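Top to bottom, those sequences are chains A and B.
Quick note: the first sequence, position 240, residue 240 per UniProt numbering, numbers continuous.
Quick note: the second sequence, position 123, residue 123 per UniProt numbering, numbers continuous.
These are computed hints drawn from the structure, not numbers from a lab.
Keep in mind that this is a model prediction, so the values were computed, not measured.
Don't be surprised by glycine CBs; every beta carbon is placed ideally from N, CA and C.
Keep in mind that a hint or two might mislead.
[Unchecked claim] Partial pick of chain B residues on the chain A-facing surface, computed with a CB cut under 8 Å: (1) T17; (2) G55; (3) R73; (4) V279; (5) A283; (6) L326; (7) R346; (8) A350; (9) G351; (10) G390; (11) R391; (12) S413; (13) R414; (14) Q416; (15) T419; (16) D446.
[Claimed, not checked] Computed list of chain A residues with no C-beta within reach of chain B, every gap over 10 Å: (17) P75; (18) M194; (19) L238.
[Claimed, not checked] Part of the chain A face toward chain B, derived, beta carbon under 8 Å: (20) I2; (21) V5; (22) D7; (23) Q9; (24) G30; (25) R32; (26) H64; (27) E68; (28) A82; (29) G84; (30) G135; (31) H136; (32) D178.
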Amino acid sequence: MIDAVGDVQKVLLLGGTSEIGMALLRRLAGERRITAVLAGRPTPGLDDAAGALRSEGHQVEVVHFDAEDGGTWAPVMGKGFASGDVDVVVVAFGLLGDAERAWQEPDVAARLATVNYTAPVTMGVDAAGRLRAQGHGALIVLSSVAGERPRRTNFAYGSAKAGLDAFFTGLREALRPDGIRVVVVRPGFVRTKMTAGLDAAPLAVDAGQVAEASVSALLSGKETVWVPAPMRYVMSVLRHLPATVFRRLPI
Amino acid sequence: MSRAPVLRRSLTGWGRTSPSMANLVLASGEVDVRLAVRDAGTRGVLARGLGRSYGDSAQNGGGTVVDMSGLARILSVDTTTGHVVTEAGVSLDTLVRVLLPLGLLVPVLPGTRQVTVGGAIAADIHGKNHHVKGSFGNHVAAMDLLLADGSVRTLTPQGAPELFWATVGGMGLTGIILRATVVATPVDSAYFVVDTERTRDLDDLMARLQADDDEYDYSVAWIDLVARGAAMGRSVLTRGWSARADQLPQRLRGQPYHFASRSLFTAPNIFPSGLLNKVTIAAFNEAYYRKTPREQRGAIQSIGQFFHPLDVAKHWNRIYGQRGFLQYQFVVPFGAEDAMRRAVERLSTAGAASFLAVLKRFGPGNPGLLSFPTPGWTLALDIPVAPGLGRLLDELDDLVLSAGGRLYLAKDSRAQAETLHQMYPRIDEWRTVRDQVDPAQVFSSDQARRLFL
Chain A
1 MIDAVGDVQK
11 VLLLGGTSEI
21 GMALLRRLAG
31 ERRITAVLAG
41 RPTPGLDDAA
51 GALRSEGHQV
61 EVVHFDAEDG
71 GTWAPVMGKG
81 FASGDVDVVV
91 VAFGLLGDAE
101 RAWQEPDVAA
111 RLATVNYTAP
121 VTMGVDAAGR
131 LRAQGHGALI
141 VLSSVAGERP
151 RRTNFAYGSA
161 KAGLDAFFTG
171 LREALRPDGI
181 RVVVVRPGFV
191 RTKMTAGLDA
201 APLAVDAGQV
211 AEASVSALLS
221 GKETVWVPAP
231 MRYVMSVLRH
241 LPATVFRRLP
251 I
Chain B
1 MSRAPVLRRS
11 LTGWGRTSPS
21 MANLVLASGE
31 VDVRLAVRDA
41 GTRGVLARGL
51 GRSYGDSAQN
61 GGGTVVDMSG
71 LARILSVDTT
81 TGHVVTEAGV
91 SLDTLVRVLL
101 PLGLLVPVLP
111 GTRQVTVGGA
121 IAADIHGKNH
131 HVKGSFGNHV
141 AAMDLLLADG
151 SVRTLTPQGA
161 PELFWATVGG
171 MGLTGIILRA
181 TVVATPVDSA
191 YFVVDTERTR
201 DLDDLMARLQ
211 ADDDEYDYSV
221 AWIDLVARGA
231 AMGRSVLTRG
241 WSARADQLPQ
251 RLRGQPYHFA
261 SRSLFTAPNI
271 FPSGLLNKVT
281 IAAFNEAYYR
291 KTPREQRGAI
301 QSIGQFFHPL
311 DVAKHWNRIY
321 GQRGFLQYQF
331 VVPFGAEDAM
341 RRAVERLSTA
351 GAASFLAVLK
361 RFGPGNPGLL
371 SFPTPGWTLA
381 LDIPVAPGLG
391 RLLDELDDLV
401 LSAGGRLYLA
411 KDSRAQAETL
421 HQMYPRIDEW
431 RTVRDQVDPA
441 QVFSSDQARR
451 LFL
C-alpha cells in the first residue's frame, strides 16, 4: 500500500538502469527500506544498480527483459508481482536513438517505435490488469515534452512518446473507477547519460528534479506533471506557433 | 435463495487515507457470511464493521469485504448475570441504548459508540476504565467464529484459550466472528460522577495519575500537545464513577436510566486540507484548557458528555479535508516515563498539531496474543497528514520500541513490518494458531499484507 503518509513497500521499475527511474525509486523509498524490482536488460549496469540499492539496505529483485525483443516482455509483470503487491510501477525505459537514421532506415524507425511505444504499452496494460486485481496501486510513466509537438530534429522519438503519452493519459481514465492512479510525467531536457554529449536545452533539469516532481504529484493527486513546471507554458506557446515560424526556431 | 448484494467499493479507514477497491458483500445473515467465505478468491475475505479503525485494518484490496453491520440482532439478555448474546454487527451504540433501561452498561466503551461488537473483539478495544476493568476481550464469555474451512466454532476462554486469545485482538485474521456473549456491568444510572482537574504539565499529570488513579473506575486526560516550554503537556484530567441513584440531582432521579444522545449534525464533505493547522488548533487548545475549571468535584455527566463528545457530529473525520489524517497511539510500560516525556516533547516541538490527544494509564493486559494494552502509559493523537510526518512517526516508533512499548494496530496506517513484529513478541505464537485454522490465509487485509501479519 501507498500508506497514510505516502510511504511505499514495493516498487517495480521498468528500465532498471534508467537514471530517472532510479531517482524516482529512491525518492519513493525516502529514508525507509523497500522492496525494489529492477527490470531491464541483463547488463553490468543493471547489476550495478541492484548492488547499489542493496548496499542502501533495500531488498532487490532483478527481472530481465529487452525492450527491443517482444518475446521477453510477457513474463516481466508475473515475476514482478510474484512476491506480493506492487505499490508503484514505474515505466522509465526509452531510447533516444539516431534521429537522422530513424527517418531514413526502416529498421531504426521500427526499433524506436517498439522501445518507446509498443513495449511500454504492452507491459503497461499487463501491469494495469494486475494493479486492478490487487485493488490499489499506481503507474508512473515517463513521457517527454518531445511528444508535445514534433520537431525536425527528433520527431521519430517524439512521435513514439506522443503515442505513449496519449495511451497512458487514456488509460488513466479507464482505471479511475478502479482507484488505480496513472501519473504521466513530461520532462523537458534531462541531464542524464542518455543525453550526454547533447547541448543542454533551456530549462534543463536533472533526474532528481524529475523524481521529486513526479512523487509529489503522485501523493497530491496530480495527474500530469511538467518538469520543470514552466515547461507547460513554454510548450503551450510552441504548440500553437505557425509551422513557418516553428521551423525557424533554433530548437 | 437470493445472494447478498455485492458492491465494488473503494474503502478506507476512518482517517480516509490509502483507499483500496474491494467487493463489499452486504450480509444480512449468517448464510451470506458463510457464502462469502466459501467463495473468497485469491485475495481472501475480511469482516468489516462500522469502519472506525483509522488505517487499513478493515480493507482488503482486490478481495472480498463482508459488511457485518447487517447482522445486528441482540439475541438475548440475562439481567441477573449480565450475559448479553448479540450478533457481531450490533453497534455499541445500540447495545448501550438497549441495556441501560435494564440497568446494564456495556463493559468497555471506547471514544465512540459507533463500533460493532465484532470489531471491538477483533481490535480488543479499550476505554477509560482499562486500568481497573481491562479491555473488551476481558468481558467476552463466548463467541462463535466462522473459520476458513467453513465450520463454526464456539470459543470460550476456558474451552479454547489459544484460538480465543488469538481472535481477541487478532484483527479479523483468524475468522469471522458471527455472535458473541458479552458480560455487561450492572449500573444504577445512566450518569457519571466526574472529577475534573487541570494539570500544569506532563509531570504533574503523571504524578496525579500515579497517586490515586485506581480510586476511579474511569479515567482519561486530554493533553495539549501544542503548548511548549513550561506548559508542555498541560492537561485536563477527567475521572469518575458510574453514579448511584442517590447521587443524582432530584430532577434526574425519576428517570435514572434516561439516555438521549443524537447526532446533532453531519459534517459536510467540503473542508479544505490544512484548515486544522498549528494556529487553529493552538487556539482551540488554549480555549479548551482555559474554559476548564482548575478543579471541580462531583459533577454529574451523561454518557455522551463523559465518553463520546465527538459522536454528536457524524463524519467528523471530514474536517481534516481530502488528505485525511491518521491517529497515532502507543503504550510504553511503567518506568518508561522518560520515553513518554520525550515523545510529547518531540511531537510538541515538531508542531504536529493535534486537537485530540489523550493520555491514559493502562492496567494489566490480557492473554490476547496481538492485544494492544499492556501496563503503562498510552498516548493517542490525531494528526493531519502533512509532508515530513512519516519521518517523525518513524522516529517515534523507534523511541517507543526501545522503551519496550508498542503501537495499536487498529490505529496504524503506516508502521513498518519489522518494527511492529518487534513490538509484539508473541506474534509468532499468534501466527502458529492462525496457521492451524487458516493455513492458506483466506482471511486477509491490506494491513495484514502491509505488515506481514
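Hints and how they fare:
1. With 8 Å as the threshold, the beta carbon of T17 of chain B comes within range of chain A, its nearest partner Cβ sitting at about 4 Å, so the hint holds.
2. Because the smallest distance between the Cβ of G55 of chain B and any Cβ of chain A comes to about 6 Å, under 8 Å, the interface hint for this residue holds.
3. Look at R73 of chain B: its Cβ only gets to about 31 Å from chain A, farther than 8 Å, so that hint breaks.
4. Given hint, V279 of chain B at the interface with chain A, is violated; its Cβ is 22 Å from that chain's nearest Cβ, farther than 8 Å.
5. With a cut of 8 Å, the hint placing A283 of chain B at the interface with chain A is violated, because the nearest CB-to-CB distance is about 26 Å.
6. Interface hint at L326 of chain B: satisfied, since its Cβ lies 5 Å from the closest Cβ of chain A, which is below the 8 Å cut-off.
7. For R346 of chain B, the suggested interface contact is broken, since its CB lies about 16 Å from the closest CB of chain A, more than 8 Å.
8. For A350 of chain B, the suggested interface contact is broken, since its CB lies about 13 Å from the closest CB of chain A, more than 8 Å.
9. The interface hint given for G351 of chain B is violated, since its Cβ lies 16 Å from the closest Cβ of chain A, which is over the 8 Å cut-off.
10. This hint holds: G390 of chain B has a C-beta 4 Å from the nearest C-beta of chain A, less than the 8 Å allowed.
11. A cut of 8 Å between beta carbons decides the hint on R391 of chain B: the least distance to chain A is about 6 Å, and the hint holds.
12. Look at S413 of chain B: its Cβ gets to within about 4 Å of chain A, closer than 8 Å, so that hint holds up.
13. Annotation: R414 of chain B was flagged as interfacial toward chain A, and the flag holds, the nearest CB pair being 4 Å apart, inside 8 Å.
14. Given the 8 Å rule on beta carbons, the hint for Q416 of chain B holds: about 7 Å separates it from the nearest Cβ of chain A.
15. At about 10 Å, the closest approach between the beta carbon of T419 of chain B and any beta carbon in chain A exceeds 8 Å, and the interface hint on this residue is violated.
16. Hint status for D446 of chain B relative to chain A: holds, with the closest Cβ pair at about 5 Å, below 8 Å.
17. Distance check on P75 of chain A: its Cβ is at least 19 Å (rounded) from any Cβ of chain B, clearing the 10 Å threshold; non-interface status holds.
18. With a cut of 10 Å on Cβ distances, M194 of chain A stays outside the contact zone with chain B, its closest approach being about 30 Å.
19. Every Cβ of chain B is farther than 10 Å from the Cβ of L238 of chain A; the closest lies at roughly 33 Å, confirming the non-interface assignment.
20. The criterion of a C-beta within 8 Å of any C-beta in chain B is met by I2 of chain A, whose closest approach is roughly 6 Å, and the hint holds.
21. Interface hint at V5 of chain A: satisfied, since its Cβ lies 4 Å from the closest Cβ of chain B, which is below the 8 Å cut-off.
22. Taking 8 Å as the C-beta contact cut-off toward chain B, the hint placing D7 of chain A at the interface holds, the least distance being around 5 Å.
23. Interface restraint check for Q9 of chain A: the shortest CB-CB distance to chain B comes to about 6 Å, inside 8 Å, so the restraint holds.
24. Nearest Cβ of chain B to the Cβ of G30 of chain A: about 7 Å, under the 8 Å cut. The hint holds.
25. Because the closest C-beta pair between R32 of chain A and chain B is about 7 Å apart, less than 8 Å, the hint holds.
26. Interface restraint check: H64 of chain A against chain B, minimum CB-CB distance 26 Å, threshold 8 Å, status violated.
27. Restraint check, E68 of chain A versus chain B: the minimum CB separation of about 33 Å is more than 8 Å; hint violated.
28. Hint status for A82 of chain A: violated, given a least beta-carbon distance of 13 Å to chain B, over 8 Å.
29. With a least beta-carbon distance of about 7 Å to chain B, the hint placing G84 of chain A at the interface is held under the 8 Å criterion.
30. With a least beta-carbon distance of about 3 Å to chain B, the hint placing G135 of chain A at the interface is held under the 8 Å criterion.
31. Because the beta carbon of H136 of chain A sits about 4 Å from the nearest beta carbon in chain B, less than 8 Å, this interface hint is met.
32. Checking D178 of chain A against chain B by beta carbon gives a least distance of about 6 Å; that is within 8 Å, so the hint holds.
The structure fails hints 3, 4, 5, 7, 8, 9, 15, 26, 27 and 28 (numbered hints given earlier, in ascending order).
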